[in-house]
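Peer 1: For chain H, the structure is supplied; the task is to place chain R on it using the hints.
2 protein chains.
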Amino acid sequence: MKPAPAFDDVREAARRLDGVAHRTPVLTSRTFDERAGTRAFFKCENLQRAGAFKFRGAYNTVVRLTGAERACGVVSYSSGNHAQGLALAARLLGAPAVIVMPNDAPEVKLAATRGYGAEIVLYERAEGKREEIARRIGAERGMTLVPPFDHPHIIAGQGTAGLELLEEVRDLDVLVVPVGGGGLISGCALAAHALRPSARVVGVEPAQANDSYLSLARGERVATAQAQSIADGLLPTAPGEITFPIMKAHVHSIALVTDEEIADAVRFLHERMKIVVEPSGAATAAALLHGRIEGVRGAKVGVILSGGNVDPNALTAILARA
Amino acid sequence: MKPAPAFDDVREAARRLDGVAHRTPVLTSRTFDERAGTRAFFKCENLQRAGAFKFRGAYNTVVRLTGAERACGVVSYSSGNHAQGLALAARLLGAPAVIVMPNDAPEVKLAATRGYGAEIVLYERAEGKREEIARRIGAERGMTLVPPFDHPHIIAGQGTAGLELLEEVRDLDVLVVPVGGGGLISGCALAAHALRPSARVVGVEPAQANDSYLSLARGERVATAQAQSIADGLLPTAPGEITFPIMKAHVHSIALVTDEEIADAVRFLHERMKIVVEPSGAATAAALLHGRIEGVRGAKVGVILSGGNVDPNALTAILARA
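From first to last, the protein sequence lines stand for chains H and R. Last residue of the first sequence: number 308 in our numbering, and the count goes up by one each step with no gaps. Last residue of the second sequence: number 308 in our numbering, and the count goes up by one each step with no gaps.
Do not take every clue at face value.
The list treats identical chains as one, so a pair stands whether inside a single copy or across any two.
Stated by the list, open to error - Taking lysine to any residue pairs in the SDA-like style, the calculated list, with each CA pair at most 20 Å apart, reads:
#1 Lys115 to Ser184
#2 Lys234 to Arg207
#3 Lys234 to Arg56
#4 Lys(-12) to Ala285
#5 Lys286 to Asp19
#6 Lys115 to Ala306
#7 Lys286 to Gly5
Simulated from the structure, these hints should not be mistaken for laboratory data.
Next comes chain H alone, as it looks inside the complex (with noise of 0.2 Å):
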C-alpha cells in the first residue's frame, strides 16, 4: 500500500498545480445565507478545468511520473470526472491515457474523454470488473494504473481546492465536502487539519450511498451494495484504504441528503446563483439548504462544490421539477 499523504503532499501538489489548474473562485450569495442561516463561501470547482475538482489530482499524479512511466501512459477507470481529468491531464503532460468506461456510458462522456485525446475502452457494465480491465491492460502496455480516489497524489491534488478555500476565508467554523470514496474530502481534512483546526470538517453523501457515513460509524471501512442516486459521482461503495483512516482522524461527522433535497440544490444554484453544478457538485449545498448539518447557524461555511460535467437533459429534467 502506498503510505498515507500529509499536509506537505497538499502543499507541493498547489505548486505544481499553480498555473496549470484554475484557481476557482469563492461565491457568495446572501439569499443563499437567508435560506440556510450560515454564512456560505462556495469553492466553484465546478469551474475548474475539464469541469470538476478531479483534474487537480490527475494532474498531480500524473506530474509526478517519471519520463518514462509518462511515455508509456496511464491508464483508469471511470464513467465520470475523473476519466475527464486524467485525460486532460495525461494531454497535457504528453501521456498516452486509456479510460475504462462502461459501454452504456452516456455518449456526452464519451465524447468530452475522447475530446481531450484518451483512447476508451468499453466493458460490460453487468460484467463488473472494471479495474481489473484497466489492471490488465497497465500491465500489458505497461502503462501506470491512476486509481479514482486511493491514491496519495491523487488525495493530495484533490486537497489543493480545500486549501486555497482556506486561504481565501480564513476563520471558517466549517467545511462541507462531498464523499465519494473520500479523496477530496481527505486531502481537504489535511489542509483544514493543518491551516483551521478547530473547523469541523463535515461530508455529505446520498442517503442510500452512506459507505462512509457507516464506516465511521463503525470506526473500520464497511462496503453496502451498489446504490443509485442523481448523484452519480458519489456511489463508490466502500472509502478507501487510504483515505478512510485520514477521514477517521479529521472528519467531524457525514451529513445525509436525498435526490430530492440534492435536485432542489441543483436547481438553486442554477437560478439564483448562475452557475451550472452537477447533482453530486450540489449535495453540499442541498445538505445545507435542508438543515442536514447541525450547529452551522451563524457559522462561516466553506461549500465546496466539486463539479459542473451533467448531461444537459438531466439537467433540464431538474429544472422543470420546481
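Peer 2: Quick look at chain R alone, frame taken from chain H:
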C-alpha cells in the same frame, strides 16, 4: 441635462459599492481561446447581485440621494435587469421603489422584482409611454426617477465593472462590452481610457438593433425602429444623450451579432464554462466566437458577460437547439 460623468466618478462609485456589490470573478477558458483565437478574460456580471451589472449603477444612484429623497423613494421603467437591480438597491437603502413594467412581462421577472420589495405598476405595452407613466408617478408621489442608462451616476456605477476587470488584468488589448443604451460601455470606456488608454473598447449589438452602430458611423444619435432579439436587454432604439458623446470619444467600434450566434455563445458558456449567461450577456462572447471583431488574434481581450437572468424555458430552448 445632467453633466457627463468622468473617470473620478467611476472611482468614487467603486468606493461606494465596495462591500455591497460582489467583486465578480474573472474566468478564463482555454477551450474558448482555442475557438476564438484570443486570450479572453470574462468579467462575470451574471454572478453579480440581482443577476446583472445593473445593480451597480442603481445602487450608486440611490445611495447618492439625500435622506429626504430616499424616504420618498425611486421610480423607474424596465422589464429587465434594471428593475431588479433598482429594487434591490432601494431595499438595501430603505427607499420605496416603483417599477413600471409591461403587462405582458414574464411572470418570473415580475416575481423577482416583487421579491426585492418593489411595487409594480403595469402598463399596456402597445400604448408605450412607460417613461411618461414613470415620470407622472414620480411627480405625483415625489419619487426620484432613476433612468435605466442615461444618467451620470448610473454610468459611473456600471463603469465599475470595467474598472475591476482592468485592475485585475492590467494589460488588456481590447475590452468588449454589450451595448443597449450605452450605460455600461460608456462607464467602462471612461475606466479604460484612464487606466489603459491603448486598449480598444469595442461594443456589441444585435445586428437588428444596431442603433449605436449607426450612430457612431454617422457621428450623431440615430434612432431605429423597435427591434426584436433574444438579447432583450440590448433593444433600446437609440444611445443616450449622455452616453453617446462618451461612446463617440472612447469607443473604437461596434460589432454586430445574430441571434443564432448569441444562442451558440449561451450554449458554450453553459456547457463548457458552467455558467448561466442570458442572451444579452453572451453577445460579447458571441462576437468573439464568430469572428465579428477584427484584430483580436492572440490579443488579451476583456469580455463583459453582463447578466444571467434568463427565463428557464427560454434557456432550455436555447440549450436544446444545438
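Peer 1: All hints, please: hold or fail.
Peer 2: Right, here's what the structure says about each hint:
1. Lys115 to Ser184: Neither: 41 Å inside a copy, 60 Å across copies.
2. Lys234 to Arg207: Cα proximity of Lys234 and Arg207: one copy only (10 Å, versus 69 Å across).
3. Lys234 to Arg56: neither (34 Å within a copy, 56 Å between copies)
4. Lys(-12) to Ala285: neither (37 Å within a copy, 46 Å between copies)
5. Lys286 to Asp19: This pair counts as within: shortest intra-copy Cα distance 10 Å, inter-copy 36 Å.
6. Lys115 to Ala306: neither (36 Å within a copy, 36 Å between copies)
7. Lys286 to Gly5: Between. Shortest inter-copy distance 17 Å satisfies the 20 Å Cα cut-off; intra-copy 28 Å does not.
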